[in-house]
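Trainee: Chain by chain, the residues:
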Amino acid sequence: MADVTMRIWRGDATGGDFENYTVAQQEGEVVLDVIHRIQATDAPDLACRWNCKAGKCGSCAAEINGKPRLMCMTRMDQLPEGPVTVTPMKTFPIIRDLVTDVSFNFAMAEKVPALLPPPMPADGYRMFQEDVERGQEFRKCIECFMCQDVCHVIRDHEENKQHYAGPRFFIRYAELEMHPLDTNDRRDLIREEMGLGYCNITKCCTEVCPEHIKITDNAIIPLKERVVDAQYDPIAWLGRKIRRKTKRTASEAAVQPAP
Amino acid sequence: MTAVGSSTKVVLGGTRGGPDVATLRQDRWWVQPVVTVSILTAFVIYSTWAAFQNKNYYVGAAFNRDLISPFYSPCIASSCTSGAGSGFLIHTPQWFSPALLILIFPLGFRLTCYYYRRSYYRAFWWSPPACAVSDAHASYSGETKFPLIMQNVHRYFFYFGLVFNALLTYDAIRAFHQPGLGWGVTVGTVVLVVNATLLWLYSLSCHACRHLCGGQVRSFAKHPIRHKFWKFVTPLNAKHMNFAWASLVFVALTDVYVRLVASGALTDYKLF
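First to last, the sequence lines map onto chains A and B. Residue numbers 0 to 258, in numbering that gives the first Met the number 0, belong to the letters of the first sequence in order. Residue numbers 0 to 271, in numbering that gives the first Met the number 0, belong to the letters of the second sequence in order.
These are calculated hints, taken from the structure and not from any lab test. From a predicted model like this one, the values you see are computed outputs, not experimental measurements. Check before you lean on any hint, since a few could be wrong.
[Said to hold, decoys possible] Distance condition first, Cα-Cα at most 30 Å in a straight line; then the derived DSSO-like pairs of lysine-lysine:
| id | chain 1 | residue 1 | chain 2 | residue 2 |
| --- | --- | --- | --- | --- |
| 1 | B | K230 | A | K139 |
| 2 | A | K55 | B | K269 |
| 3 | B | K54 | A | K213 |
| 4 | B | K269 | A | K240 |
| 5 | B | K269 | B | K54 |
| 6 | A | K240 | A | K52 |
| 7 | B | K144 | A | K213 |
| 8 | A | K213 | B | K221 |
| 9 | B | K269 | A | K110 |
| 10 | B | K221 | A | K240 |
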């Protein structure tokens, strides 16, 4: 097979640039294989994260030809002719070469109010199959953070990281909000502190998800509609008042045990 | 630099890797925005022109037909052409186009639609123009402030949309009766039926509809009927984009057809 030129961004927080590596292409290779071969031959100090090589750990997320992708799931023979550009995820601070500091995501994960079920009934908790199936899609997330990387709200506007959880965590919020045993109401939190309104549903998160989770259609838009129920729909508000149906906010639930 | 408030300290504003360029994408990412701008602009220009025409929107008894353009139905202005008007009329001067009274509702439904929002934010506002291509604006507040916070009224336009669908369905059924000839099927009736069907599919596949049908409940097991509704609209919702484009194009084509027949440029052929 023909040689291929890999344009790999090399550098750290002090700066960096592209370096070209021309290597022989082998049949059936993925980008991560070629990166490993470059490490083994031309550049032993080339930094990249990887673990499973099977698209299930999310460690090797990078940008290939400008688009966030898993290096282990991107076949070389499916890329267009010409040099292949590999860069680190743009949204997160660089550590070195293709390795970024994704701890922003861990901070956002800590802010998610946990599941708060009611006291256990005498015969135990029961969940029905249709409710189990509903959240199954969201649990496929491998936390590669490519959806966070491609989301322009924080990719192009660093200042929004202070008040925007991002698509990965909107999946988590949706999963909890749709959980039949949860007693928290996170809608105010999602609107006021997690920045759901910043999402303008351009669906890039859905486009890059390696697990094909319909992030926008099945998580973000349903959350937006729930926020409309709670905040912007006067008929829904009137209905709650008439039926005297009130839910506790996540912060109330956190300090007060479930009824 | 600011730390996010949690036990895991995150330094915002750290140096990013990679080159400081708008995009490194090599594919033709600009094709989709160009197509979107072209189609939506063409539709806006045509529908504005059609709305101000105030003529040739109804094919009446003179042609042995009962066809009305969807841009003018329901015709509730007193300036409506004879035969096109509904029972309820608002007094307007004769030069006033009846379309101007009603188009705000279908326009608002499409303008606040989640799919169209995705499309025009990308294509017109370049926020962003495509995935992994830089946003064209220095600052960004999304849908958190006026006017874009008003996108949250989408479900109310959905309710109005349902009323319009019912009225356009009534128009399509009425079109099967040809004044002076009796019942029959013409190309015009088929056009109105297809138009009404596409509009129903577009409305029923709407995200707000999916939410209101059953998406808003915490437990499907406790709401089995709403779960059935939700399961019915969910596959439609997956095709919302297709229905959005098909219904948009066809509603314009329906107006073109009625306009051509009403002006005498085209004959509405009877099929049987």
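Trainee: Now tell me if each hint is right for this structure.
Mentor: Do the hints match the structure? See the list:
{"no.": "1", "hint": "B/K230 with A/K139", "verdict": "21 Å, holds"}
{"no.": "2", "hint": "A/K55 with B/K269", "verdict": "60 Å, violated"}
{"no.": "3", "hint": "B/K54 with A/K213", "verdict": "45 Å, violated"}
{"no.": "4", "hint": "B/K269 with A/K240", "verdict": "56 Å, violated"}
{"no.": "5", "hint": "B/K269 with B/K54", "verdict": "24 Å, holds"}
{"no.": "6", "hint": "A/K240 with A/K52", "verdict": "54 Å, violated"}
{"no.": "7", "hint": "B/K144 with A/K213", "verdict": "26 Å, holds"}
{"no.": "8", "hint": "A/K213 with B/K221", "verdict": "25 Å, holds"}
{"no.": "9", "hint": "B/K269 with A/K110", "verdict": "66 Å, violated"}
{"no.": "10", "hint": "B/K221 with A/K240", "verdict": "22 Å, holds"}
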